[in-house]
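So the sequence lines, in the order shown, correspond to chains A and B. Going by full-length UniProt numbering, the first residue of the first sequence is number 1, and it counts up by one from there. Going by full-length UniProt numbering, the first residue of the second sequence is number 1, and it counts up by one from there.
Derived by calculation from the structure, the hints in this document are not laboratory data. The structure displayed is predicted, hence computed values, not measured ones. A portion of the hints provided could be inaccurate.
Just a few of them, taken from the derived set where beta-carbon distance is under 7 Å, the chain B residues facing chain A [said to hold, decoys possible]: (1) Ala56; (2) Ala219; (3) Ala222.
Far from chain B, some chain A residues (derived; all Cβ distances over 12 Å) [what the hints assert, rightly or not]: (4) Ala3; (5) Arg59; (6) Gln99; (7) Glu121; (8) Ala170; (9) His213; (10) Ala245; (11) Val258; (12) Gln276; (13) Met299; (14) Tyr327.
Positions of the beta carbon are idealized from the N, C-alpha and C atoms, including for glycine.
These are the residues of each chain, in order.
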Amino acid sequence: MTALVKVRDLRMHFPINSGLLRRQTGAVKAVDGVSFDILEGETLGLVGESGCGKSTCGRAVLRLYDITGGTIEIDGRAIEHLSQSDLRQMRTTMQMVFQDPQASLNPRMTVGAIIGEPLLEHTNLSRAEREEQVQVLMDQVGLNRAFVNRYPHEFSGGQRQRIGIARALALNPKFIVCDEPIAALDVSIQAQVVNLLEELQDRLGLTYLFISHDLSMVRHIADRVAVMYLGKVVELAPRDALYDAPLHPYTEALLSAVPEPDPALAGQKKGRIVLQGDVPSPANPPEGCNFCTRCPRVMDVCRRIDPEFREVAPGHWAACHLHDAEYNANAGQTA
Amino acid sequence: MTDARDPDTPVGADMATVAASGAVAGGGPVLRTRARSQWWDVWDQFRSHKGAMAGAIIFLLIVLVVLIGPYVWDVDPTKTNIRARNAPMSLTAPFGTDQLGRDIFARMIEGGRVSLAVGMTAMLLSLFLGTLVGVLAGYFRRLDGVLMRLTDLFLALPLLPLLLVMVLLFREPLTAAFGIEMGIFILIVSAIGITSWMQTARIVRGDVLALKEREFVLAARATGTPPRRIVTRHILPNIMSPIMVSATLGIATAIITESALSFLGLGFPPDFPTWGRLLNDGVPYLELYPGRAFWPGMAISLVVLSINYVGDGLRDALDPRIRGR
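Based on the sequences and whatever the hints tell you, model everything.
Right, dumping it as structure tokens:
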């Protein structure tokens, strides 16, 4: 399988302007050197706590922002320097499903107009053909065809997210960024939407970048998982490897916080790692490793040198000095 | 404000709305929405807003009287009759006569044409300018600074001296080119239009700035919709409310500004009646003949109020979230 999406050293810095002349005095490094591949037909889960740059990363990959640096290649085409007008043709290959289904639908447009907008922009279908296509899309995501003339506020959250998914599917994209598509939904509806996404992936061969902070849901849907902390990917591994044997202390801490659904086992969970302190400001990240201020296994070297993101075990990447033989004598054993 | 929330409203009126929305369901077991045009829904909602309907009827009546009036009431508004001056209301002069014996009703009709035309056109012009500047400044970051400083500049300009200069500079060439009445009409409309768009621009810019960050605009960008169509399809329909409010207030301001200009001798010629001029002419006689100021004042207030209600109803009718409630 080939990589559909190749991201190398992606950086997205937002300038901070201050002072009388609004000169740039610093930058919020929302995404700071992120690299990953997404293979065709797979789902890459992107997890991390609030504010770590997950959503910005997803949007930057689609070039909804003008990125600060790095390269993005989607479907064999480098898009990091394309102008927004050149990107227009590429938009048919890559689409996005948004977090808040209420906010991502224009309240003044009917469902038919919302789903039909991509068709209107990118195809020359006649009005009748377009309406027909919209109905097919509504069938695909399990919406009643009769609702085509209704407005978003007349739907439930889950139905609205289906409208958003239908819009994303309208142009037969290969790659969809799902930006926390289930975070704003009821738990019972979350399962429906995730199942719909999986079903569509099987049927249409879609590739997902699935952004979420719900570790259990990512475990369910993702093939590989990337963990982000303060604008950087700290660990990237196949799902089972990551959940069974996390290599980065941050991933360990994150996984130890997942609640145990079985009440009988709940109390017996071993090694709950509670991190101290707050996430540092992305405008002023610490020297060395970004995680050194809170890491339970911090070493001297962590405060000086930023660990390299490297392949520690086959297919299992991590950015941590613990797995570097040069700094840690036990490196071989932990890996 | 809206009659629908008035507790005195008979229940039957609401039942009619409920029955109408029942018809939406189609009666069948499948909850199917109508395929009919959205504009029928807008009309249905507008009709259910009683204030808006009353406003629309009053406004249309005024427009009708002003348009058809001269053919029915064929009294020359400029004919003086010193013997019948300052006459009270009577059958021969429904609103009485002024100090020169001119029929006030005929002058109101004549003045209404000018005032309404000036008010509407100036409002449209200032609305267009304000919306254009506001949307450009709000949506395109690069233009924001320049356009907003321009807006500040216009806000800081003392309006009357500016109008005086404009009138002095352009009155002659315009009257030469378009004739005296048309020339002054164009002058006054553009003078009012380009000195009253700033409030609209500021409000619109603020709303666009907020709207631009909403996810559905981002979704449109992710779809590849070019900026001009994002503005027309996603931004403009969502800033209808502030634009409507500006529009209704704009008409009143335009009518009043026109009267101020005429009062200063910079607008239409003194014998040329407009509502604002009639009002000003009536002010010195307020104690003796209050009717002279009352009728033009009443006409201006009625127009403004009715347009306000129409705007209110339109805003509700155009919002699908309120429609059908």
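Verification of the hints:
no., hint, result
1, Ala56, "22 Å, violated"
2, Ala219, "5 Å, holds"
3, Ala222, "5 Å, holds"
4, Ala3, "22 Å, holds"
5, Arg59, "8 Å, violated"
6, Gln99, "7 Å, violated"
7, Glu121, "5 Å, violated"
8, Ala170, "8 Å, violated"
9, His213, "18 Å, holds"
10, Ala245, "36 Å, holds"
11, Val258, "28 Å, holds"
12, Gln276, "34 Å, holds"
13, Met299, "42 Å, holds"
14, Tyr327, "42 Å, holds"
Going down the numbered hints, you'll see the structure goes against 1, 5, 6, 7 and 8, while the others check out.
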